[in-house]
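K.L.:
For reference, each letter of the sequence shown is one residue, going 1 to 205 in my numbering.
I should point out that these hints are in silico values taken from the structure, not numbers from a laboratory. Here a beta-carbon is modelled for each residue, glycine too, at the ideal position from N, C-alpha and C. Keep in mind that the hints are not guaranteed to be accurate.
[Said to hold, decoys possible] Across the chosen pairs, the derived CB separations fall in these ranges:
#1 Ser-23 with Leu-127: 48 to 58 Å
#2 Ala-104 with Ser-23: 25 to 35 Å
#3 Gly-103 with Thr-181: 37 to 47 Å
#4 Leu-185 with Thr-31: 40 to 50 Å
#5 Tyr-106 with Asp-38: 52 to 62 Å
#6 Tyr-187 with Ala-145: 48 to 58 Å
#7 Ala-145 with Thr-181: 29 to 39 Å
#8 Ala-156 with Val-108: 15 to 25 Å
#9 Thr-69 with Asn-130: 26 to 36 Å
#10 Pro-128 with Thr-69: 28 to 38 Å
#11 Thr-31 with Val-169: 30 to 40 Å
#12 Pro-128 with Ser-30: 38 to 48 Å
#13 Gly-110 with Tyr-187: 47 to 57 Å
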Amino acid sequence: MVVLAAGLPGLSAAQSGKQVRVSFDFRQSSTQNRDAVDAGGRVIITDRGARSSGSVGVDSTQRRVRTSTGIFTIVQDGGESTMLVASQVPYPQVTFYRDYLTGAGYVVTGVQFRDVGTSLKVRAAILPGNQVRVRLTPTISWFSADGSGVIEVNEASTELVVTSGRPVVLGGATTQTHDLTRRILGYRASESSTETTMALTATIR
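Using the sequences and the hints, build the whole thing.
P.N.:
Listed below in structure tokens is the structure:
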């Protein structure tokens, strides 16, 4: 679930009456190749004896898929806004966030998280030359049997200067798999690759 929070007053006054639209696009491109060779046959029995017939089939296919999803928020020049990425992270990941926050000294040892949410705090300021300074700070909200809290992970903050309206790739990942299945009379091979990228676009409005 993705929820966008309304713009919040920043620590410093807005530099102008303008606003900045900050968007994140998650793009995924995948390619799948499949080659198969299958042999088939049968035996026909008649009064003249038995004879066999056989055939070999070859199949080769390629499939390409591109998907894109995005979230955005509006930030007042010089202000900040919060973009909620996930209201509830999957339970197996709760332990990861708990251990990370405990190791970094944000949470005392022994706290058992019951629920965790993640968001991004976005600060934006318009610069001369149609550029925008954007600062991103991951924020983690946690709930336990004894209380709750919201933590800004400042050491994981990212600050960059971008040109208005021009996407900038922040990161990505590539995975490749190869599978070969041998049969009695043939084989089937498949190979797939997936590339995922995250791009940021800040547009002055």
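K.L.:
Each hint needs a verdict: does it hold in this structure or not?
P.N.:
These are the hints, each one checked on the structure:
For the pair Ser-23 and Leu-127, the beta carbons lie near 19 Å from each other, so the given range of 48 to 58 Å is not met. Checking the proposed 25 to 35 Å range against Ala-104 and Ser-23 shows it holds: the Cβ atoms sit about 29 Å from each other. A beta carbon spacing of about 43 Å between Gly-103 and Thr-181 agrees with the range 37 to 47 Å that was offered as a hint. With their beta carbons about 28 Å apart, Leu-185 and Thr-31 fall outside the hinted range of 40 to 50 Å.
The hint said 52 to 62 Å for the Cβ distance between Tyr-106 and Asp-38, and at roughly 57 Å that hint holds. A C-beta distance of roughly 55 Å is found between Tyr-187 and Ala-145, which places it inside the suggested range of 48 to 58 Å. Taking 29 to 39 Å as the suggested C-beta distance range, the pair Ala-145 and Thr-181 does not conform, at roughly 49 Å. Range check, Ala-156 to Val-108: Cβ separation about 20 Å, and the 15 to 25 Å hint holds.
A hinted range of 26 to 36 Å holds for the C-beta pair Thr-69 and Asn-130, which are about 27 Å apart. A beta carbon spacing of about 33 Å between Pro-128 and Thr-69 agrees with the range 28 to 38 Å that was offered as a hint. Restraint check, Thr-31 to Val-169: a C-beta distance of roughly 19 Å breaks the suggested window 30 to 40 Å. Distance hint for Pro-128 and Ser-30: a CB-CB separation of about 41 Å, consistent with the stated range 38 to 48 Å.
As the Cβ distance of Gly-110 to Tyr-187 is approximately 54 Å, the hint placing it in 47 to 57 Å holds.
When held up to the earlier numbered hints, the structure conflicts with 1, 4, 7 and 11 and fits the remainder.
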